[in-house]
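> On the provided structure of chain A, position chains B and C as indicated by the hints.
Chain by chain, the residues run as shown.
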Amino acid sequence: MCLMHFQRFGDRTEIRFESGDEFIGSLTAFAQAESVTFAVFSGLGGVRSARIAYFNSETREYETHELNEQFEVISLIGNVALRDGKPFVHAHASLGRKDLSVMGGHVMELVARPTIELWLRREAVAVSRVPDDESGLALLDLPERL
Amino acid sequence: MCLMHFQRFGDRTEIRFESGDEFIGSLTAFAQAESVTFAVFSGLGGVRSARIAYFNSETREYETHELNEQFEVISLIGNVALRDGKPFVHAHASLGRKDLSVMGGHVMELVARPTIELWLRREAVAVSRVPDDESGLALLDLPERL
Amino acid sequence: MCLMHFQRFGDRTEIRFESGDEFIGSLTAFAQAESVTFAVFSGLGGVRSARIAYFNSETREYETHELNEQFEVISLIGNVALRDGKPFVHAHASLGRKDLSVMGGHVMELVARPTIELWLRREAVAVSRVPDDESGLALLDLPERL
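Chains as they are written, first to last, in the working numbering: chain A, 4 to 149; chain B, 4 to 149; chain C, 4 to 149.
With the rest of the complex left out, here is chain A (with noise of 0.2 Å):
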């Protein structure tokens, strides 16, 4: 599902994700509708259901949790950029519980309710990820150095 709505300023967006909107395949659709090449984004909300994951730089593999609970969705912070040619979404996310503990990591899946409240910001140049092999992971493809 792919429900947001969203209001252009300039080179900045708000987004707002509907209840049942699924985070990282909605910012997808619209990062490849828009013709996103770079973008980086902050947001907030709610939502019903994650999937979250911590990197485990020895087995170099995520390891995923599927969380079932209404959870505040306290930050969330990440970008947009081109892997293979297509957007792809990085973000991270620290979750608030009923008892306002926090959990969180690396974003696999957010559903949304009521809603994500979205802030991004695309560049006007396009940014890769290309494989590292010494993690495993696509890093961004940077191109200067001090």
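No lab work stands behind these hints, which were simulated from the structure alone. One thing to keep in mind: the hints can contain errors.
[To be verified] Capping the alpha-carbon separation at 30 Å, the derived lysine-lysine pairs in DSSO-like fashion look like this:
| # | chain 1 | residue 1 | chain 2 | residue 2 |
| --- | --- | --- | --- | --- |
| 1 | B | K101 | C | K101 |
| 2 | A | K101 | C | K101 |
| 3 | B | K101 | A | K101 |
Chains B and C alone, transformed into the frame defined by chain A:
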């Protein structure tokens, strides 16, 4: 109390809330004085007390907890939009304790000590919050869809 | 070590810290090399170790903890301002563990693994930190008040 200092850089403003300053009230006062119609922000700092809430999606009520201790404000993410024509602050925070454990949720109140440092970006448009029957909350009214 | 790669987009820069790169030292070196006088940033990534502090408002001292494990960097929010005329990095981070629990606070040190992805926005003005007698900290010197 409204004790903040600030500096403008075009459409961005850096705000320093002082010891004793209550974040939601002071930022609302700032937004009214400056006629903010939409803005996003992120910040960090320290607080001596907080009222933090969890939105219970079954009862559709916020459950608010009073927290009286010195916390690091690890993340403070949100926006200012118009509700009934007046600036309304929506913020989520993660708070760090002496043992480095983290609590957080929807911000009802934060009392700074010694400071909260907030970066705010204004947009030259108006975004309003409108009532959502399903959730009972006021959600951002954004015009476009995919 | 200062191993980062970066790309500029006008007044914004995306920085990728490499495995083994220490965040505070490397960002300070970047800010010195680039003559940054004020900037804000947000980021995410992973680290293999961290030194994280809690500011004790009674003793007015930072209590610093050494953490030697692989964490997700869930949020990394802060700014760069001038202290004694030189760029000074102020950052708070939330860190995610293997069991998805979250720790965090004031960042003394973060050693990236495999990367930290940071979005930094520079401003073309100088903001300085000045000593605050009450807290014992150096706070942002901002000229305006409501």
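> All hints, please: hold or fail.
Going down the list of hints, with the structure as the test:
Distance restraint check for B:K101 and C:K101: the Cα-Cα separation of roughly 21 Å lies within the 30 Å cut-off, and the hinted pair is therefore satisfied. Annotation: proposed proximity of A:K101 to C:K101 holds, straight-line Cα distance about 21 Å (limit 30 Å). For the given pair, B:K101 sits about 21 Å from A:K101 by alpha-carbon distance, which is consistent with the 30 Å threshold.
The earlier numbered hints are all upheld by this structure, with none contradicted.
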